[in-house]
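Participant: Listed below, chain by chain, are the residues.
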Amino acid sequence: MNQDKLFVGTDVGASRTKVAVIDTARKLVGYAVRKSGTNFTATADACLKEALEMAGAGKERIAGAISTGYGRKNVSYAQQTRTEIGCHAKGCFLYFPMAITIIDIGGQDNKIIKLDENGQRTSFKMNRKCAAGTGAFLEEMSPRLDIPLEDMDGLARKSKDMVKLGSFCTVFSATEVLENIRNGKKVEDIVKGLFYSVIRRIIEMDSFTENVVMTGGVVEHNRYLVTMMEELIGRKILVPEHPQLTGAIGAALYALEADAVYRDA
Amino acid sequence: MTEEKKVVIKRLESAKVLGKFMADYYYELDNASKTGEKKVAWCTSVGPAEILRAMGFLVYFPETHSAMLGSSRMATDLIPKANAIGYSPDICSYLTADIGAYLEKVSPLAKVFKGIEGPPKPDVLVFNTNQCRDVQDWFAFYAKEYNVPIIGVHSFVGVQDVTEAHVKSVAKQMEEMIPTLEEVSGTKFDIDRLREAVALSRECSDLWKEVLDTAAAVPSPITFFDGTTLMGAAVVGRGTQKANDAYRVLLKELKERIERKEGALENERFRLYWEGMPVWGRLSAHAKLFASLDACVLASTYCNSWIFSALDPKDPFTSMARAYTELFIVRADAPKEKYIRDMIEFFKVDGIIYHDAKTCPNNSNCRYGMPQRLEKETGVPYLTINGDLNDLRLISDEQTKTNVEAFIEQLEERKAK
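These protein sequence lines are chains A and B, in that order.
The numbering used here numbers the first residue of the first sequence as 19 and each following residue consecutively.
The numbering used here numbers the first residue of the second sequence as 1005 and each following residue consecutively.
Read the hints as simulated data drawn from the structure, not as lab findings.
Don't take each hint at face value.
[As the list claims (entries may be wrong)] So these bits of chain B aren't anywhere near chain A, every CB distance computed over 10 angstroms:
(1) 1244
(2) 1259
(3) 1309
[Said to hold, decoys possible] The list that follows gives simulated cross-link-like pairs (lysine-lysine, DSS-like), each with its CA atoms no further than 30 angstroms apart:
(4) A:254 x B:1380
(5) B:1014 x B:1405
(6) B:1176 x B:1421
(7) A:53 x A:143
(8) A:77 x B:1362
(9) B:1014 x B:1213
(10) A:132 x B:1009
(11) B:1024 x B:1042
(12) A:67 x B:1009
(13) A:143 x B:1256
(14) B:1085 x A:143
(15) B:1362 x A:132
(16) B:1421 x A:23
(17) A:132 x B:1340
(18) A:91 x B:1042
(19) B:1009 x A:53
(20) A:178 x A:143
(21) A:132 x B:1421
(22) B:1342 x A:143
(23) B:1292 x B:1318
(24) A:143 x B:1010
(25) A:178 x A:67
(26) A:91 x B:1419
(27) A:132 x B:1405
(28) B:1340 x B:1085
(29) B:1042 x B:1014
[As the list claims (entries may be wrong)] Quick list of the computed label-pair ranges, beta carbon to beta carbon:
(30) A:227 x B:1094: 31 to 37 angstroms
(31) B:1179 x A:190: 48 to 54 angstroms
(32) A:201 x B:1349: 56 to 62 angstroms
(33) B:1093 x A:179: 35 to 41 angstroms
Remember, predicted model here, so these are calculated numbers, not experimental data.
Glycine is no exception: its CB is placed at the ideal position from the N, C-alpha and C atoms.
Kindly produce the complete structure, drawing on both the sequences and the hints.
Facilitator: What follows is the structure in structure tokens.
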């Protein structure tokens, strides 16, 4: 009966809530992503319902559920919590079982996690108090430029003459953006400059090992960031099929490993 | 819904004795300030207190007041008052909190000790820049406000090996304080009284070391968070018999805990070392956070910084100069790293927490690659948390919590391997 069991991972992030449902073969069979909003519990419940529908399964098949992310304590159906650091590591190692450096760009924080060839975490770092270089930076800039967030990636790809922004600070960067608009710079060149600012903040955080994996909602929706990062560090970057879901998948994997019946089987 | 683990922090009985010591200390100072019966000297926390005691001064240490401003969480509202008169939010938040409190005429002493309105008025201000340059600027503010003399020792920084030249210079600067102190106190300097004070200080230092060394036991009977409050007597009372008596009581209790194999935590799974300043406004929160993860933060550079093993009553000036220059904070990175390596080994440490305190560059030792070098050499992993000693605006509790939990998960994985 083991194949009927499902495991749920829920990643309640500062910006989006992600739910992943996996089966005993570690296959992703359902998922959902929604804005976290102000009621984390309700959002997680709604995501679970949607993900189970995708999996074509009922709640009775859930053999374990673990939550992660900022709102990890607010998930009604989770039996345990893990930090998002551990879950991202777990989720990424499933797809790339080798020594890797994971760069996760989230809504309010960035993480750099290093794993050895056994998936053992050797170090991790989160951005410091400031949210420069995270999704929040792009979210702040989008209304300033009057560009929907989802259009940024396409615009950045069109740039021929990137505008470099000097400031660490999101607010001061916005001032620089206004100055560039005043000086007649093209919007696509400014947007590429914003992307460049994001990846600069990340490479300042830590050194990278040979194999680099990029994940997170910002990467999911702005794949050009990966291309830019590849150009900057001079090598190919690995991206899982669902980069926004790796934390949730990792949490589901922890739930699977914690399942006594599965362990004994 | 997952439940937050309820954590009960065990208290040491003898903490009451140390608490009484602190109360008596502040009442004695307050009485001197109000009656003028005794002269009061303000001194930096690792300043030449023994000389002041030998001259009959009661000694007040503004850094302890600042730590109280931090732990009472008054500091964050007071720091901007000092910022407004020209003291940057980027400099020492002990300084800015204390000056802010002075400007606002408030003090945590008034909340804790009935009848005390605030710090005692100084007759003289004595600093040693071995802590940092900020202490000199801090005292200079009060010298002007109270119109009293300010004297001090200008220490060396980044000292690789403590040489005779260092020691001679510092000892000479200490000797040169004497005429001013004689004038303010109206007391003739007596070398034998200094020898007595140095002997008592050394005894205090040895007892405090013995207290902290009990943390080498498994499980540890004491945490770093206990230490940050218990150390009060070592800071303000060194050179007095009362401080030594209080530490004997504490030491006895800790030894009893060791005999019973009773840890400071119910279940000590991980042993951690704290490097850098405490986050005063989060002492209890941090104590609970680590305890909830069965991680005992049991030793620190900070609490160990009031151990002065070089003090020798036979040669008071020279030995004081040596003791106050040998300190961790004064040293170059190589001796600092050796110190931490020794601590890791002695206390059987599984991991190190570095506190990068925004306004205390002098005591944030993670900024020049030290954590990475030490991890490479010792294999002991580390975590850096960003925060501050007093300014809670510089703290993200959620970030700290996630980082600490993730670090413990990492240690768990290592143990399971």
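Participant: State for each hint whether it applies.
Facilitator: Verification of the supplied hints:
Interface exclusion of residue 1244 (chain B) from chain A stands, the closest Cβ pair being 41 angstroms apart, more than 10 angstroms. Every CB of chain A is more than 10 angstroms from the CB of residue 1259 (chain B) (nearest about 38 angstroms), matching its label as outside the interface. Consistency note on residue 1309 (chain B): stated as away from chain A, and its beta-carbon is indeed over 10 angstroms from all of that chain's, at 26 angstroms minimum. Distance hint between residue 254 (chain A) and residue 1380 (chain B) is fulfilled; the C-alpha atoms sit about 28 angstroms from each other, no more than 30 angstroms.
Taking the CA atoms of residue 1014 (chain B) and residue 1405 (chain B), the gap is about 21 angstroms. The hint holds against a cut of 30 angstroms. Straight-line distance between C-alpha atoms of residue 1176 (chain B) and residue 1421 (chain B) comes to about 56 angstroms, which puts the hinted pair past the 30 angstroms bound. The straight-line distance between the Cα atoms of residue 53 (chain A) and residue 143 (chain A) is roughly 25 angstroms, inside the 30 angstroms bound, and the hint therefore holds. A distance of roughly 48 angstroms separates the Cα atoms of residue 77 (chain A) and residue 1362 (chain B); the hinted pair therefore is violated under the 30 angstroms criterion.
At roughly 22 angstroms between alpha-carbon atoms, residue 1014 (chain B) and residue 1213 (chain B) fall within 30 angstroms of each other, so this suggested pair holds. For the suggested pair residue 132 (chain A) and residue 1009 (chain B), the alpha carbons sit about 29 angstroms apart, so the restraint of at most 30 angstroms is met. Only pairs whose Cα atoms come within 30 angstroms are accepted, and residue 1024 (chain B) paired with residue 1042 (chain B) is accepted, the gap being roughly 21 angstroms. Of the supplied pair hints, the one linking residue 67 (chain A) and residue 1009 (chain B) holds, its CA atoms being roughly 29 angstroms apart against a limit of 30 angstroms.
Among the hinted pairs, residue 143 (chain A) with residue 1256 (chain B) is inconsistent with the structure: their alpha-carbon atoms are about 42 angstroms apart, more than 30 angstroms. With a CA separation close to 34 angstroms, the supplied pair residue 1085 (chain B) and residue 143 (chain A) exceeds the 30 angstroms bound. Distance check on the hinted pair: residue 1362 (chain B) and residue 132 (chain A) sit about 26 angstroms apart at the alpha-carbon level, within 30 angstroms; holds. The straight-line distance between the Cα atoms of residue 1421 (chain B) and residue 23 (chain A) is roughly 28 angstroms, inside the 30 angstroms bound, and the hint therefore holds.
With a C-alpha separation of about 27 angstroms, the suggested pair residue 132 (chain A) and residue 1340 (chain B) falls inside the 30 angstroms cut-off, and the hint holds. Between residue 91 (chain A) and residue 1042 (chain B) the CA atoms are separated by roughly 57 angstroms; this puts the pair beyond 30 angstroms, and the hint is violated. At roughly 28 angstroms between alpha-carbon atoms, residue 1009 (chain B) and residue 53 (chain A) fall within 30 angstroms of each other, so this suggested pair holds. Between residue 178 (chain A) and residue 143 (chain A), the direct Cα distance comes to roughly 33 angstroms. Violation of the 30 angstroms bound is thereby established for this hinted pair.
Our distance criterion of 30 angstroms between C-alpha atoms is met by residue 132 (chain A) and residue 1421 (chain B), whose separation comes to about 17 angstroms. For the proposed pair residue 1342 (chain B) and residue 143 (chain A), the alpha carbon gap of about 25 angstroms is at most 30 angstroms, so the pair holds. Simply put, residue 1292 (chain B) and residue 1318 (chain B) have alpha-carbon atoms about 45 angstroms apart, too far for the 30 angstroms limit, and the pair is violated. Using a Cα cut-off of 30 angstroms, the hinted pair residue 143 (chain A) and residue 1010 (chain B) holds, with the two alpha carbons roughly 28 angstroms apart.
Only pairs whose Cα atoms come within 30 angstroms are accepted, and residue 178 (chain A) paired with residue 67 (chain A) is rejected, the gap being roughly 45 angstroms. Annotation: proposed proximity of residue 91 (chain A) to residue 1419 (chain B) holds, straight-line Cα distance about 26 angstroms (limit 30 angstroms). As the CA atoms of residue 132 (chain A) and residue 1405 (chain B) are separated by approximately 20 angstroms, the hinted pair is consistent with the 30 angstroms bound. At most 30 angstroms may separate the alpha-carbon atoms for a hinted pair to count; residue 1340 (chain B) and residue 1085 (chain B) exceed this at roughly 35 angstroms.
Distance check on the hinted pair: residue 1042 (chain B) and residue 1014 (chain B) sit about 39 angstroms apart at the alpha-carbon level, beyond 30 angstroms; violated. At about 34 angstroms, the CB distance of residue 227 (chain A) to residue 1094 (chain B) agrees with the hint of 31 to 37 angstroms. A hinted range of 48 to 54 angstroms for the beta carbons of residue 1179 (chain B) and residue 190 (chain A) is consistent with their spacing of about 52 angstroms. Our hint of 56 to 62 angstroms for residue 201 (chain A) and residue 1349 (chain B) holds, since their Cβ atoms are close to 60 angstroms apart.
Remark: the range hint 35 to 41 angstroms for residue 1093 (chain B) to residue 179 (chain A) is upheld by a beta-carbon distance near 39 angstroms.
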